[in-house]
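J.: Protein chains in written order, with my numbering: chain A, 1 to 201; chain B, 1001 to 1471.
Don't take each hint at face value.
Examples of chain B residues lying across from chain A (beta carbon under 8 Å, computed) [unchecked claim]:
hint, residue
1, 1013
2, 1017
3, 1037
4, 1088
5, 1157
6, 1232
7, 1320
8, 1412
9, 1416
Simulated pairs of lysine-lysine, PhoX-like, Cα-Cα distance not exceeding 20 Å [what the hints assert, rightly or not]:
hint, chain 1, residue 1, chain 2, residue 2
10, B, 1266, A, 167
11, B, 1370, B, 1394
12, B, 1010, B, 1165
13, B, 1241, B, 1254
14, B, 1254, A, 183
15, A, 195, B, 1010
16, B, 1241, B, 1266
17, A, 135, A, 3
18, B, 1010, B, 1335
19, B, 1278, B, 1165
20, B, 1165, A, 167
21, B, 1283, B, 1170
22, B, 1254, B, 1266
23, A, 195, B, 1266
24, A, 183, B, 1241
25, A, 135, A, 67
26, A, 40, A, 3
27, A, 195, A, 183
28, B, 1254, A, 195
29, B, 1278, B, 1164
30, B, 1091, B, 1052
Because the hints were derived from the structure by calculation, they are not lab data. Note that this is a predicted model, so its numbers are computed, not measured. Heads up, the beta-carbon is just placed ideally off N, CA and C, and yes, glycines get one too.
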Amino acid sequence: MDKFTTLTGIAAPMPLVNIDTDMIIPKQFLKTIQRSGLGKNLFDEMRYTQDGAEIADFVLNQPSYRKAEIIVAGDNFGCGSSREHAPWALLDFGIRCVISTSFADIFFNNCFKNGILPIVMPQEVVDVLMEDARKGGNARVTVDLEAQTVTTSGGQSFGFEVDPFRKHCLMNGLDDIGLTLEKAAAIDSFEARAKVARPWA
Amino acid sequence: MTAPRTLYDKIWDDHVVHQAEDGTCLLYIDRHLVHEVTSPQAFEGLRMTGRKVRAPEKTIAVPDHNVPTTLDRAKGIENEESRIQVEALDKNARDFGVNYYPVSDIRQGIVHIVGPEQGWTLPGMTVVCGDSHTATHGAFGALAHGIGTSEVEHVLATQTLIQKKSKNMKVEITGSLRPGVTAKDITMAVIGETGTAGGTGYVIEYCGQAIRELSMEGRMTVCNMAIEGGARAGLIAPDEKTFAYCMGRPHAPKGAAWEAAVSYWKTLFTDEGAHFDKVVTLKGEDIAPLVTWGTSPEDVLPITATVPSPADFTGGKVEAVQRALDYMGLTPGQKLSDIAIDTVFIGSCTNGRIEDLRAAAEVVKGKKIKVKRAMVVPGSGLVRAQAEEEGLAKIFTDAGFEWRLAGCSMCLAMNPDQLAPGERCAATSNRNFEGRQGRGGRTHLVSPGMAAAAALTGHLTDVRDLMAETV
Ligand code: SF4
């Protein structure tokens, strides 16, 4: 997993609420057995017509946002299925950070496993960031994970909360499994105890 | 004396392997269910790092999302990518030695139907799967939720999950349901009340008389859609019905082990006075047969209502409702029961169990369908066999329904069962998202009885009207 420390990039505004994982990456692209290559189908049905032509209106098709690295989104982003293909597609497109008032639980988890930082901000702040994002390619938003701040193109700064363990993993690009396997002895003794207490499980 | 605990607290406490200072826990996983779509990258990760599956005997794999449900599926899967995915699961299950129900096995079916049916899912367990509808298993009083593929790999390698505890939410349904109202209506009513983000950060415990009165099938329907309300998981405390359902299942304990299990299971309830961070109460009598009109499961109304207008909403929802109405091709003020239906889909992990098929067959019996296409897709090969034995299959086929083999099918249309653009479907599944059942397809979520009623009349219909006819 790539480390995430600071990021200065273009933010794309997507004010729609309840952007679900079927919108982020429709099921026909879930048939892959790889993690990479999904970026071209990110938001596929919103981004392309039935015969594959780009829909000019869609934000990521607009010249200023083609290289967006941040999405500022409406409430409840990433609701729906557990498909990790959603963060894979975002990452493959180049998105490293999503800011919203709330995220669906599984999507939120999946982001951290892939070096994407999901940031929860109150509505007032999301409104300010959304306005800033609307300025297009000339505006750059800065996300500083160490300092836990988001700074608009105008220099306005907002703090955000992040779980310390997740921050640590993200900043160092750490693999969870490796960390957990260091606790193998604790897992062994749990299993031994559970075998007595709940032998049927 | 320890402080009173919720059911969720109890299951959680019994599975903590390690707790860090900041509250991050390593949680032990008793059952790991696996399907072909969200697992290939995880198994590949194990191969690349030379890791093994830590507890193959607690890991259960079954292909369901991609498999064809047509009667000729023994011929193989035509779509190359789907075929590769199912073959990858075949190979991974073999190479890593996990329990496996291949397409050719009569026990194959939707992973969330197979788990309980085979007795893998038992009260008090932790159950995960790379699939959001893992919430279904909460009906047994098991802590069950969906995970992403990285977490699938983590569970395969370590049989644990890194977790922080969620908050406790209680959803109480008091009183009894009225005739024609089902578990599906309960779960949709709750989402209509709380919204699709209302459960975010919570584990829901469903309780109250109406929940206790549900069968295990109905309870699974309720918990299945906990995720549509944003909750991490849904739970229902186990009781005699739960034990009766589990008894004698292939992987349930037997003899003395059974006795020991039941006495432990009987401790799995929320203590008097335990704290809930949020409480929602609905009256069972107030719930009507429901139907969704939009593209989010929270867009739900009684069948007797009319299509709402964007002006009825506030904030970001105004734009979302306008978009939903355009997508669904509906006009504010239109009666929901006037909406014409092209296709009816009865199945999925929400409503693909035997009781669902019985409820639909009850409405269909002796009548003919008026829609272009109607299909029943049993949730597992065993559900299918039982429905044939009970004569339900014949009721459906006589009425003009297609009688399919088990799988996810048109719930998410990864296999050839898809809606055409603009085609309108009454479905017993759980998601009405844009494109869910096929690009441009329009989905109205309903209970099995309501789906059957729509099939017979050709439009969304109050199932109670048809029930009155038969009385
Ligand atoms: S039936 Fe539908 S919701 Fe259930 S597991 Fe299959 S695709 Fe998911």
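J.: Verify the interface restraint on residue 1416 of chain B: the C-beta must sit less than 8 Å from at least one C-beta of chain A.
T.: It is violated, given that the least Cβ distance between residue 1416 of chain B and chain A is near 12 Å, above 8 Å.
J.: When you check the alpha-carbon spacing of residue 195 of chain A and residue 1266 of chain B, does it fall within 20 Å?
T.: 19 Å, holds
J.: For the hint on residue 1013 of chain B, just tell me whether its beta-carbon gets within less than 8 Å of chain A.
T.: Because about 12 Å separates residue 1013 of chain B from the closest Cβ in chain A, which is outside the 8 Å limit, the hint is violated.
J.: Does residue 1412 of chain B pass the interface check with chain A, least Cβ-Cβ distance below 8 Å?
T.: 5 Å, holds
J.: Close enough to count: is the Cβ of residue 1157 of chain B nearer than 8 Å to one in chain A?
T.: With a closest approach of 5 Å, the residue 1157 of chain B hint holds.
J.: Between residue 1091 of chain B and residue 1052 of chain B, is the straight-line Cα distance small enough, at 20 Å or below?
T.: Judged against 20 Å, a Cα distance of about 14 Å means the pair holds.
J.: Measure nothing beyond the straight line between the CA atoms of residue 1254 of chain B and residue 183 of chain A; if it is 20 Å or shorter, mark the hint as holding.
T.: 33 Å, violated
J.: Sort out whether residue 167 of chain A lies within 20 Å of residue 1165 of chain B, counting only the CA atoms.
T.: 18 Å, holds
J.: Given the hint that residue 135 of chain A pairs with residue 67 of chain A, test it: the Cα-Cα distance must not exceed 20 Å.
T.: 14 Å, holds
J.: Would the pair residue 195 of chain A and residue 183 of chain A pass a check requiring their Cα atoms to be no farther apart than 20 Å?
T.: 19 Å, holds
J.: For residue 195 of chain A and residue 1010 of chain B, compute the direct alpha-carbon distance and say whether it is at most 20 Å.
T.: 18 Å, holds
J.: Tell me if the straight-line CA distance from residue 1266 of chain B to residue 167 of chain A falls inside 20 Å.
T.: 40 Å, violated
Hint check: violations occur at hints 1, 9, 10, 14, 17, 18, 24 and 26; the rest are consistent with the structure.
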